[in-house]
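For chain A, the structure is supplied; the task is to place chain B on it using the hints.
Residue numbers (the working numbering), protein chains in the order written: chain A, -17 to 71; chain B, 24 to 475.
Read the hints as simulated data drawn from the structure, not as lab findings. Incorrect hints may appear among the rest.
Stated by the list, open to error - Computed footprint of chain B on chain A; a stretch qualifies when at least three of its residues, placed anywhere within it, have a C-beta under 8 Å from a C-beta of chain B:
{"hint": "1", "stretch": "-8 to 5"}
{"hint": "2", "stretch": "38 to 45"}
{"hint": "3", "stretch": "61 to 67"}
Said to hold, decoys possible - If you want the ones that stay clear, here's a sample from chain B, every Cβ over 12 Å from chain A, calculated:
{"hint": "4", "residue": "P61"}
{"hint": "5", "residue": "Y69"}
{"hint": "6", "residue": "A110"}
{"hint": "7", "residue": "D115"}
{"hint": "8", "residue": "H249"}
{"hint": "9", "residue": "R282"}
{"hint": "10", "residue": "A328"}
{"hint": "11", "residue": "E362"}
{"hint": "12", "residue": "K377"}
Heads up, the beta-carbon is just placed ideally off N, CA and C, and yes, glycines get one too.
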Amino acid sequence: MRAIVTVIGKDQVGIIAAVCALLSEKNVNVLDISQTVLQEYFTMIMLVDVSAATVPFARLREELAAAGQERGLDIRIQREDIFDAMHRI
Amino acid sequence: MLNNKDILSTIHMIDQEHLDVRTITMGVSLLDCCDPDPKAACRKIYDKITTSARNLVRVGEDIEAEFGIPIVNKRISVTPMALVAGASNCPDYVPFARAMDEAAKAVGVNFIGGFSALVQKGMTAADRKLIASIPEALAVTDVVCSSVNVGSTRAGINMDAVGLMGETVKAAAERTADRGGFGCAKLVVFCNAVEDNPFMAGAFHGVGEAERVINVGVSGPGVVHHALKKVRGQPFDVVAETVKKTAFQVTRMGQLVAREASARLGVPFGIVDLSLAPTPAIGDSVARILEEMGLETCGTHGTTAALALLNDAVKKGGVMASSSVGGLSGAFIPVSEDEGMIAAARSGVLTLDKLEAMTCVCSVGLDMIAVPGDTPASTIAAIIADEAAIGMINQKTTAVRLIPAPGKQVGDTVEFGGLLGSAPVMPVHPQSAEAFIARGGRIPAPMHSLKN
Chain A
-17 MRAIVTVIGK
-7 DQVGIIAAVC
3 ALLSEKNVNV
13 LDISQTVLQE
23 YFTMIMLVDV
33 SAATVPFARL
43 REELAAAGQE
53 RGLDIRIQRE
63 DIFDAMHRI
Chain B
24 MLNNKDILST
34 IHMIDQEHLD
44 VRTITMGVSL
54 LDCCDPDPKA
64 ACRKIYDKIT
74 TSARNLVRVG
84 EDIEAEFGIP
94 IVNKRISVTP
104 MALVAGASNC
114 PDYVPFARAM
124 DEAAKAVGVN
134 FIGGFSALVQ
144 KGMTAADRKL
154 IASIPEALAV
164 TDVVCSSVNV
174 GSTRAGINMD
184 AVGLMGETVK
194 AAAERTADRG
204 GFGCAKLVVF
214 CNAVEDNPFM
224 AGAFHGVGEA
234 ERVINVGVSG
244 PGVVHHALKK
254 VRGQPFDVVA
264 ETVKKTAFQV
274 TRMGQLVARE
284 ASARLGVPFG
294 IVDLSLAPTP
304 AIGDSVARIL
314 EEMGLETCGT
324 HGTTAALALL
334 NDAVKKGGVM
344 ASSSVGGLSG
354 AFIPVSEDEG
364 MIAAARSGVL
374 TLDKLEAMTC
384 VCSVGLDMIA
394 VPGDTPASTI
404 AAIIADEAAI
414 GMINQKTTAV
424 RLIPAPGKQV
434 GDTVEFGGLL
444 GSAPVMPVHP
454 QSAEAFIARG
464 GRIPAPMHSL
474 KN
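Here chain A stands alone, though its shape is the one from the complex (with noise of 0.2 Å):
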């Protein structure tokens, strides 16, 4: 199952490496990344692959959205299914 992890907030030293980190901690693959830094507005989105992950979704989301606040950051996961719905014909 493929998903799309967002991370949006004040860019900062460190911010690919964390969420990086995190992501293979739970053996969460990344298939592609980018990210773009606007007026110090920082937007990273990546397509991963959680079909081996090691934890429940639930669970991913929770942590991701904790290590997050952390930093003072929005970092969600939401499967990928919801943006081709929405945006492919």
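This is chain B only, laid out in the frame that chain A set:
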């Protein structure tokens, strides 16, 4: 990979524009629960509901977590209770409402609809008993919703039932006077009621439906409003196109959730109802969409035209997105549940007469409107008759959910809280319709009902 802009726009819709799935509603047939012994029937009803829907709330929460889309309500609709209770030997049907209430609470859903009767052409003894039980049933239960269909394009309007419902609405308000007449917020009087509507208070599981079914109601007035802000001042073709595109996206999201819920629960998928259902939250209002089109205040001249465009464009966008669009699908205009409508009603611009005109072109009817507590039952019945006439002639669903708030006068406000919001008490015409309602009988079906 998906376009980043698309991903961020979805997140923005959810975060800032109140995009949500308003309800996952499981329809459950209770036709096999009939029993001459009312206690046995109630037990069967309780068992069937709790077995059918035992995983509904958990599945809803799981989907919410995985897709990151809020699912506000999980609900149940059942076979119109008059059809089930009719087999039982008992003078009143309040115990059936209690069984529904207990079952709904046991599985943790927000509402259960279907304490209903379909009397558009005539009333059976069971229908009469059910209607007589409504005020008490709504007072002693918490999550049970009731509806009565009093007319249809095919059958005409049952004016005996209309008169009876005027009295029933009054009695439901008085029986719940300590809560501002809250019973009436759970009671809808329909013309041309639909069998697959997932929205409360009017949901019931029609007799033409399967054993169980999953219907999903999506919402998104905030998303439409936001999209229209970007095309300010442009011609109506552009407005219609923008609403269509937005409705398409919202419906696709609803369909995804519906299919997912249906697969996980092992229950067939029924329909997606793409209604613009407002909430009292700022930025989630249908009235504000109409104002965005260029009206100073919702309710002024031009409001009906604006609503007609909105309602039609929402349907067109939705039909492209899903081949199973059903229910009511359009724009709702419940006064107490819409921050912009509340403001417009308070300012005196939005009147009951204008709302009636708006119901000719919106998806339902006079919804969540508080009127003075001393409004006569015959006046309420006459309002119901007017609304049913609009539905009958225009071959559309219309409904009345009025709250004659006990002890309240024009200018007062009734607070319901939560999604039901707060209702400013609106004036009704003081001239009597008593002799009109006292006639009874049936208003014949219109010419265009004879299509065969």
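Beyond 12 Å on every Cβ pair: is that true for B:A328 relative to chain A?
Given that every Cβ of chain A is farther than 12 Å from that of B:A328, nearest at about 29 Å, it holds.
For B:Y69, is the shortest CB-to-CB distance to chain A above 12 Å, so the non-interface label stands?
holds (30 Å)
Using C-beta distances, would you say chain B covers the stretch 38 to 45 of chain A, given that this needs three or more residues below 8 Å?
holds (count 3)
Quick check for students: does the CB of B:K377 sit more than 12 Å from each CB in chain A?
holds (35 Å)
Just want to verify: B:E362 was marked as not at the interface with chain A; is every Cβ pair farther apart than 12 Å?
The assertion about B:E362 holds, with a minimum of 26 Å to chain A.
Just want to verify: B:P61 was marked as not at the interface with chain A; is every Cβ pair farther apart than 12 Å?
Non-interface label stands for B:P61: nearest chain A Cβ at 43 Å, farther than 12 Å.
Is the Cβ of B:D115 more than 12 Å away from each Cβ in chain A?
holds (45 Å)
Counting residues of the stretch 61 to 67 of chain A that have a beta-carbon nearer than 8 Å to any beta-carbon of chain B, does the count reach 3?
holds (count 7)
B:H249 clear of chain A by more than 12 Å, beta carbon to beta carbon?
holds (15 Å)
Is the nearest CB of chain A more than 12 Å from the CB of B:R282?
Violated, since 10 Å does not exceed 12 Å.
Report holds if the minimum CB distance from B:A110 to chain A is greater than 12 Å, and violated otherwise.
holds (44 Å)
Under a C-beta cut-off of less than 8 Å, do 3 or more residues of the stretch -8 to 5 of chain A approach chain B closely enough to confirm the stated coverage?
With 0 residues closer than 8 Å to chain B, the stretch -8 to 5 of chain A misses the three-residue bar; violated.
Checked against the numbered hints given earlier, this structure breaks hints 1 and 9; the rest are met.
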